[in-house]
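**Q** The lines below spell out each chain.
Protein chains: 4
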Amino acid sequence: MIRIAVLGAGRIGRIHGRNAANHPDARLVAVADPHAPSAQELAAATGAEVASLETIVERSDVDAILICTPTTTHADLIERGARAGKAVFCEKPVDLSSPRIETCLGVVEKAGTPLMIGFNRRFDPNFASLRKRLADGEVGEVELVTILSRDPNPPPVSYVLTSGGLFRDMMIHDLDMARFLLLGDEPVEVHAVGSSLVDPAIGQAGDVDTAAVLLKTAKGRIVQISNSRRATYGYDQRIEVHGSKGMIRAGNVHRTTVEVANGSGVTADPVQDFFLQRYADAYKAEFDAFIEGIKTTRKFEPTGQDGLKAQRLADAATESAQTGKPVKL
Amino acid sequence: MIRIAVLGAGRIGRIHGRNAANHPDARLVAVADPHAPSAQELAAATGAEVASLETIVERSDVDAILICTPTTTHADLIERGARAGKAVFCEKPVDLSSPRIETCLGVVEKAGTPLMIGFNRRFDPNFASLRKRLADGEVGEVELVTILSRDPNPPPVSYVLTSGGLFRDMMIHDLDMARFLLLGDEPVEVHAVGSSLVDPAIGQAGDVDTAAVLLKTAKGRIVQISNSRRATYGYDQRIEVHGSKGMIRAGNVHRTTVEVANGSGVTADPVQDFFLQRYADAYKAEFDAFIEGIKTTRKFEPTGQDGLKAQRLADAATESAQTGKPVKL
Amino acid sequence: MIRIAVLGAGRIGRIHGRNAANHPDARLVAVADPHAPSAQELAAATGAEVASLETIVERSDVDAILICTPTTTHADLIERGARAGKAVFCEKPVDLSSPRIETCLGVVEKAGTPLMIGFNRRFDPNFASLRKRLADGEVGEVELVTILSRDPNPPPVSYVLTSGGLFRDMMIHDLDMARFLLLGDEPVEVHAVGSSLVDPAIGQAGDVDTAAVLLKTAKGRIVQISNSRRATYGYDQRIEVHGSKGMIRAGNVHRTTVEVANGSGVTADPVQDFFLQRYADAYKAEFDAFIEGIKTTRKFEPTGQDGLKAQRLADAATESAQTGKPVKL
Amino acid sequence: MIRIAVLGAGRIGRIHGRNAANHPDARLVAVADPHAPSAQELAAATGAEVASLETIVERSDVDAILICTPTTTHADLIERGARAGKAVFCEKPVDLSSPRIETCLGVVEKAGTPLMIGFNRRFDPNFASLRKRLADGEVGEVELVTILSRDPNPPPVSYVLTSGGLFRDMMIHDLDMARFLLLGDEPVEVHAVGSSLVDPAIGQAGDVDTAAVLLKTAKGRIVQISNSRRATYGYDQRIEVHGSKGMIRAGNVHRTTVEVANGSGVTADPVQDFFLQRYADAYKAEFDAFIEGIKTTRKFEPTGQDGLKAQRLADAATESAQTGKPVKL
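Protein chains in written order, with the numbering used here: chain A, 1265 to 1593; chain B, 1265 to 1593; chain C, 1265 to 1593; chain D, 1265 to 1593.
Hint data in this document are derived by calculation from the structure and do not stem from the laboratory.
One or more hints might be untrue.
Because identical chains cannot be distinguished in the list, a pair is counted as satisfied if it fits within a single copy or across any two copies.
Taking lysine-lysine pairs in the DSSO-like style, the calculated list, with each CA pair at most 30 angstroms apart, reads [to be verified]: (1) K1548 <-> K1589; (2) K1589 <-> K1573; (3) K1589 <-> K1483; (4) K1374 <-> K1589; (5) K1509 <-> K1573; (6) K1509 <-> K1548.
Whenever a hint applies, use it, and build me the whole structure from the sequences.
**A** Set out below in structure tokens:
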């Protein structure tokens, strides 16, 4: 039994905490959150203890920690976990500053402890299947990658102000996905454009709500990503890869398979519109992979380096959108 | 150049007349219709002459006739055409009475002239492709055939009264399609039920507007057909065949490929709702097959026997729906 | 906490047992199975006790029993449960004999205890949504119901011999679904045909492996159901309802949303092919409804009467297929 | 009757020539092509005369000319047509040089004669319907436009060498489509990347075969276009527009509606793979619009200015891909 502590009992902490509690090879030992009722509720639901953030990382009865706290605390907690010899799972991003990520990864490397970063979409059964088939060569060499990602609703401006901006907060998932699908061929050139078309307040806060990037890799492969902070039709998450032998894509998940036909046309159900529902299976598979890594494989992907590289791409995109010039990596 | 005369310049006569006029190996020579303006209009549009129904069949400058007149005249015209040595294409049905069809086919057989019956759906590119793949064994042995057919709107009661009833007027197309898909294994048992759910006036006129049949073939294969005289979403024409190695189906044709996603779901365009549009390509391919038969193959399908067998199935279905008992063939 | 005992620890017993163990308002107390290792395994996984079938029903620490044993034992166990004052959930069918079901339901009625029958498909999110929209009038009056159901692989002949035949064993689900979708308008006329096309051994055992029924209701509505014991493409479960205002359908669930395009066409993933996977959510929702019934609503659907009526339709279909004549109800 | 002359009897000239010959308000008078057999074949098939390129434009019995000759001759022929007072339809592009286009448009403007440029995709029924719905506000304000376009097979290097490069030869269609969908909001910033991934010989010839552009408009809207010279699955032509009220897209046209399900999945037919088939209806509608312009509306779209603006975008994309820097317009 791998003994788990979860740091942060917000909505993502609750997901990971419950997955830990239900896992046959894991046991949720402790939960910490500055907001006591949240910690208590999750502890009660899972049979774990409530602990303080000050002491939970270093507990001797804990093998692994799940960092689900606000972004600003991630790097410090990762370093504490590594120094305490714990296996660490940390929600993305490691930090909004790439140099800070580098320092943090240095500490982890020195400690020689496991670190896995929570790019959950890699574990979505649809995207994971697509990626496996790419790796198996089903569509030949990857040539063009198209990733579309739209949120159902824009976040409040208060969130936007501390988010690091759309590229670091939202598109970082797609940038990681692009790297995941490129099978090792890294982007070397980043063109980005962004606009505030959805909510003028987001623009006034200095961020964009609609954006796209164009990436070119070392081998000349091309990636297009587009994001919007608002989609009236749900949480839109799609991937398409054009290869030398064919095209492969993974589409949205609809609420049901029901379709209605009448004079207006043939209407399929809206797509699932909440990320916790859309990616419920992904979160389970992600936690499974973390446990599997601890138990047997000692392979932890996405790695800290994956976190750093995605962050650097997000930095580059942010700079490109601001300067109007491409950024080379 | 095969010289063609078209009998009947209503909407189906116009279709065939224009296909004849545009065919590289055919020439539309003459058009007849008791309604003079209709004949004149089609003649003007195609460069053909207007002729009378009394004399058009026997003209020496005509090689083949297309019978697009009302059903009650079909058998007589076929016989006239056969006796005059013409190749005859006749819209379905040969007649509403199976015995009358038998007599008519006897005349044709004696004359040794070509006869082709207008079951246009066999020539629809989608259904024809499906049938070809069935014949090629792509899904193995046929086991279950499902045919759905719904008209956009019910006909007027005046039409219903002379139509021969839904099974002979509408379902006969599906019964022919079933035979087409069964590749020679004939239905031997017919169960039918019918109701008047769409328009009470149709029920009062002694007919049904919603119906289904269940057929069993000599080899135990099973066919299900359902019809409705009204579909709010267009002209619904679908086929599905379950075989020992897989399932094959042909769906509806939508007006465009456009889809719109919003909070109500993802809506594809309505299906095409007019049979002349839906089957425009089928009518062309049907005429091509008739000309090809005359020119080279001497093979004319659907044959007069196909017309007769579909009619017998429609008779059986009518009887079964009226008596509540299956009919053996 | 509602205290649950599960009778039968085979694959369906394990599903219900685990759902009970995971339910926030239920506790799995005891498990019984003549095959001791099965009972022990499920008990170990859920923290329940192993008990004997002889004593488990009458235990005072049990509020509700889940009957997941072989069909021949269902009616007796339901009666024991009712007499002991327990809420009873029983897998379909109550019994293969309709008279036996009637006797059993009499005992339950006298006891005044809850009974719910496990027609799991009513709880499938897709079908449940379709049914809700029907009930809400989204497509107007129901006119034609089409239900297709195919198993991935035929059962062994040993199973066929004690199954009661395809209509009672397999199609009973579709017959219940038809009743569910007809919103109270009961079938009064049953036409059935069946063949052995999949496995000759099934025919030699006196059963069919390919079958279809045609039902007519009191109000003239029409239902078509077709079954096959083998589908190369997975577990095929589809419903389509044609109504006065439109058409509604619920399709299959594919393994993923991935599609691959190449010279062969555009290929979607196969449909899910194992009923426990396809209906995992349905089983959960079904158990939720049972618990909700006990806790608050005192409404238990599908009822014992639903079980009886589906059985009578299956009996009628069996008779019709054997005699070649329709059966009136 | 509008009297038409067609210049160039290659495959696109034959399309337009036949559409002219079949149009109720037009008559094909003359055909010219340096390759005499091509001119003779088209003339024979349509009842037109063969004429010489030297004299065909200025004939007094010609009202309108269709320029379907090689690109290098377009601007001269347009000018001759304008000076002779003819209505001119010219295949894209007007010229590979934007300054030459400007001069040519000056001549046309001075002559005051009609000019229409052959961006056929605007007339595709699917794309035209999508655009109409955009203009009707069905998805609100346009925010993100995604255009995917892939050819089935790369052209020979000999063609590539004189084509002006992928951006001017192939992507110009998509650049015009982008402008068409942006409803007047012009792109002002062009980022392009290109690679030779399909055929190394194309790269050696100084061109790319895989490319993408990222456009930003004056109002901050974003457009993504991607092209490949090779798609194993057919001629891929798709558009998707994300708007403030929803998303609208137009997909590919498949050869038939047939789908086959088996253990490999559910396979739809390949998409149509020849542009003359895919856009047959578009070419008809395009010619109809030209004739309608002459007859009544005096509105000719796409205009010469549309041709020029698309060319400038293609120039900008070419420059951006070569320099690695965005180009402002």
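**Q** Each hint: holds or not?
**A** Okay, the hints, checked on the actual structure:
no.	hint	verdict
1	K1548 <-> K1589	neither (40 angstroms within a copy, 43 angstroms between copies)
2	K1589 <-> K1573	both (20 angstroms within a copy, 23 angstroms between copies)
3	K1589 <-> K1483	both (21 angstroms within a copy, 19 angstroms between copies)
4	K1374 <-> K1589	neither (37 angstroms within a copy, 41 angstroms between copies)
5	K1509 <-> K1573	within (29 angstroms within a copy, 35 angstroms between copies)
6	K1509 <-> K1548	neither (33 angstroms within a copy, 33 angstroms between copies)
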